[in-house]
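Construct the complete structure from the given sequences, taking the supplied hints into account.
This is what each chain is made of:
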Amino acid sequence: MKPISDMLEIKNVTKTYGSGNAAFTALCGVSFDIHEGEFVAIMGPSGSGKSTLMHILGALDTPTSGSYFLEGKDVSKLNDNELADIRREKIGFVFQAFNLLPRATALRNVMLPLVYEETNPEERESRAYTALKAAGLGEEYFSHLSNQLSGGQIQRVAIARALVNNPSLILADEPTGNLDSKTGEIVLGTFQELNTQHGRTIILITHEPDIAEYAKRIIHIKDGLILSDTPNISKKVTYSL
Amino acid sequence: MTANDIFQETYTALTSNKTRTGLTMLGIIIGISSVIAMTAIGAGAQRSIQASIQSIGSNLIIVTPGAQRGPGYQISAGRGSARTLRLEDADAIASQVASVKAVAPELSIREQVTAPGTNTNVSVIGTNANYPDVRNIQIDNGYFITDANIQGIQKVAVIGPTVRDDLFGPDTNPIGQTIRIKGLDFKVIGITTTKGGSGFNSQDNMIFIPISSAQRFFAGDTYVTTIDVEAENQQVMTQVQDDITSLLLDRHKISDPTMADFSTVNQADIVATASSVAQTFTILLAAVAGISLLVGGIGIMNMMLTTVTERTREIGLRKAIGAKKKDISFQFLAEAVMLTFSSGTIGVFLGWLISFLITYLGIIQTSVSFFSVLLAFGVSALIGIIFGYYPACRAASLNPIEALRYE
Chain A
1 MKPISDMLEI KNVTKTYGSG NAAFTALCGV SFDIHEGEFV AIMGPSGSGK
51 STLMHILGAL DTPTSGSYFL EGKDVSKLND NELADIRREK IGFVFQAFNL
101 LPRATALRNV MLPLVYEETN PEERESRAYT ALKAAGLGEE YFSHLSNQLS
151 GGQIQRVAIA RALVNNPSLI LADEPTGNLD SKTGEIVLGT FQELNTQHGR
201 TIILITHEPD IAEYAKRIIH IKDGLILSDT PNISKKVTYS L
Chain B
1001 MTANDIFQET YTALTSNKTR TGLTMLGIII GISSVIAMTA IGAGAQRSIQ
1051 ASIQSIGSNL IIVTPGAQRG PGYQISAGRG SARTLRLEDA DAIASQVASV
1101 KAVAPELSIR EQVTAPGTNT NVSVIGTNAN YPDVRNIQID NGYFITDANI
1151 QGIQKVAVIG PTVRDDLFGP DTNPIGQTIR IKGLDFKVIG ITTTKGGSGF
1201 NSQDNMIFIP ISSAQRFFAG DTYVTTIDVE AENQQVMTQV QDDITSLLLD
1251 RHKISDPTMA DFSTVNQADI VATASSVAQT FTILLAAVAG ISLLVGGIGI
1301 MNMMLTTVTE RTREIGLRKA IGAKKKDISF QFLAEAVMLT FSSGTIGVFL
1351 GWLISFLITY LGIIQTSVSF FSVLLAFGVS ALIGIIFGYY PACRAASLNP
1401 IEALRYE
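Heads up: the protein sequence lines correspond to chains A and B, in order. Start counting the first sequence at 1; every next residue gets the next number (the working numbering). Start counting the second sequence at 1001; every next residue gets the next number (the working numbering).
Read the hints as simulated data drawn from the structure, not as lab findings. Since this is a predicted model, take the numbers as computed values, not measurements. Be aware that one or more of the hints could be misleading.
Unchecked claim - When the alpha-carbon atoms are kept at most 30 Å apart in a straight line, the in silico DSSO-like pairs for lysine-lysine are as follows: (1) Lys-1182(B) - Lys-1195(B); (2) Lys-222(A) - Lys-182(A); (3) Lys-216(A) - Lys-11(A); (4) Lys-73(A) - Lys-1325(B); (5) Lys-216(A) - Lys-182(A); (6) Lys-1101(B) - Lys-1195(B); (7) Lys-1253(B) - Lys-1101(B); (8) Lys-1325(B) - Lys-77(A); (9) Lys-1326(B) - Lys-77(A); (10) Lys-73(A) - Lys-1326(B); (11) Lys-11(A) - Lys-222(A); (12) Lys-1325(B) - Lys-11(A); (13) Lys-1325(B) - Lys-1018(B); (14) Lys-1018(B) - Lys-1326(B); (15) Lys-1155(B) - Lys-1182(B).
What the hints assert, rightly or not - Derived, one-sided and incomplete: chain A residues facing chain B with beta-carbon distance under 8 Å: (16) Leu-101; (17) Arg-103; (18) Val-115.
Cβ coordinates follow ideal geometry from the N, Cα and C atoms, glycine included.
Here's what the structure looks like:
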């Protein structure tokens, strides 16, 4: 196993929306570290602040106060364009819905981050192939349009797209929310495999305890505060190492 | 994003809703093609006006009685009403002004002319032997008025082809026949070649008689209605015109040039005046077409704004995976420009086709200028940029979180 280091570190992060009487605080001071190669589930009911936390971790938003270091770089003070750079280079997203571009093939969807990275076309294709294989999509689906794919296949393409730019961190926001439980299991299995076989750092955001069970560590969050942060010893975790 | 990526994205986006893309393009296509067609018609009209003015003679200076006015007036003002020019003035111009090639005085009256069984109302012009040379007229059959005819004050007439058709019928040879002008018999000695042109002043619908006969039998004095002067070449035109003016001022004993009882106009002025009229007309047509282009541009903007709203989540996704503001704005701008540019191409082709058809059907001779094509391309691309800019900015400034949540 790779040496454990503080890959991600957030300290006293708060987030307040609005101002004055209408001000609403979604996060009231959250701190934790995540090491490279971890598989963490951030769990909480809706309105707990987990989405806000996800946005901050994903460099989609910046905290009102506190600091966020990703691989030693302070992300909390960056502007829009610098945040876009962080997202492109260090983070891979898997969303619940509307994950793929319609009217584009699976392969083209996976290549999209590389388009913004201005990778040369030959390399794009080979990297997209590798990522799609790692995400477990059958090669016969590579040139299917995204609206011809099933829900499970869509999420595999989305996972492949999250992998293709070789990010430090994969952020999955309710990735099984739109899937039936059997397909959901397969997708979660894929995440576990990526974590254990490829050493990928994964953060899974969910409100379902069943799904959080797949992670190695579970952070419970409620009303903008961390309730608990514990290693997961449930049977669903496969320690193949 | 590379140019190729932009092109691919744009192509996919535009072909995904072909009906809407097509209808939006139609606005620009109509705008561009009408600009092309209208300026072609305008340019064609201008050319045909110039050609018809050139056909009345070359290096021509026309001296008419009446007050000096602005160039626009001189063509018709004062003619016939003022009687200040005499035959002697014409002779003086011919003998005293340098670089004059030929001088043809005109005494023009409008008369009912009869032949046995028919009659017609035409211009009867008394002139001299220089007239065909000065006014660019050819003789089809017979001969034109000679100096001998003039000296003899003979009752002979040269008729235009339209007059021949009216009085004797087409394809007849009336030479030697007699026509009756104001009760006097004139013998037809020649027929002029068809020149074309229309209106009251068509040279095909005129009768030419010796100026001496016109003065003797119809006017009863020595005044003339016009003196046509042909200069030796284009370069001396202004000089000749100035010399004629000073000569006539001197002869008429007028010291103040603004009080002149005649006016001179050279052909270049007429061409310039007529051209400026045609040009104004062209600008008017192009302005109307330009408005439709503007409306087309607003159509583009409308479509782009709808597209941005529809694709809000796609924009959110693109931003989440690392697209910068400029990537997004460039993509949407490229879409608008591609839309207008392809419309512009089709519009240019369509405009050219319309112009071609108008020429082909003989309505008016059109001429599509390279400049107007270039302008249309430029304008269409510019419209894409102008009307695509706002939607593109709107797309680029979307917050990725809100965009992803957008229902």
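Checked hints:
Only pairs whose Cα atoms come within 30 Å are accepted, and Lys-1182(B) paired with Lys-1195(B) is accepted, the gap being roughly 27 Å. Restraint check: the Cα-Cα separation between Lys-222(A) and Lys-182(A) comes to about 28 Å, which is no more than 30 Å; the hinted pair holds. Between Lys-216(A) and Lys-11(A), the direct Cα distance comes to roughly 22 Å. Compliance with the 30 Å bound is thereby established for this hinted pair. Under the criterion of a C-alpha separation no larger than 30 Å, the hint pairing Lys-73(A) with Lys-1325(B) is consistent with the structure, at around 22 Å.
Restraint check for Lys-216(A) and Lys-182(A): the C-alpha separation of about 21 Å stays at or below 30 Å, so the hint holds. Annotation: proposed proximity of Lys-1101(B) to Lys-1195(B) holds, straight-line Cα distance about 23 Å (limit 30 Å). A threshold of 30 Å between alpha carbons decides the hint, and for Lys-1253(B) with Lys-1101(B) the separation of about 26 Å falls inside it, so the pair holds. For the given pair, Lys-1325(B) sits about 18 Å from Lys-77(A) by alpha-carbon distance, which is consistent with the 30 Å threshold.
For the given pair, Lys-1326(B) sits about 21 Å from Lys-77(A) by alpha-carbon distance, which is consistent with the 30 Å threshold. Distance hint between Lys-73(A) and Lys-1326(B) is fulfilled; the C-alpha atoms sit about 24 Å from each other, no more than 30 Å. With a C-alpha separation of about 17 Å, the suggested pairing of Lys-11(A) with Lys-222(A) holds against the 30 Å cut-off. As the CA atoms of Lys-1325(B) and Lys-11(A) are separated by approximately 29 Å, the hinted pair is consistent with the 30 Å bound.
Annotation: proposed proximity of Lys-1325(B) to Lys-1018(B) holds, straight-line Cα distance about 27 Å (limit 30 Å). Note on Lys-1018(B) and Lys-1326(B): the hinted pairing holds, with a Cα-Cα distance of about 26 Å set against a maximum of 30 Å. The suggested pairing of Lys-1155(B) with Lys-1182(B) holds, with an alpha-carbon distance near 12 Å, which does not exceed 30 Å. Because the beta carbon of Leu-101(A) sits about 6 Å from the nearest beta carbon in chain B, less than 8 Å, this interface hint is met.
With a least beta-carbon distance of about 5 Å to chain B, the hint placing Arg-103(A) at the interface is held under the 8 Å criterion. Given the 8 Å rule on beta carbons, the hint for Val-115(A) holds: about 5 Å separates it from the nearest Cβ of chain B.
Comparing the model with each numbered hint stated earlier shows that all of them hold.
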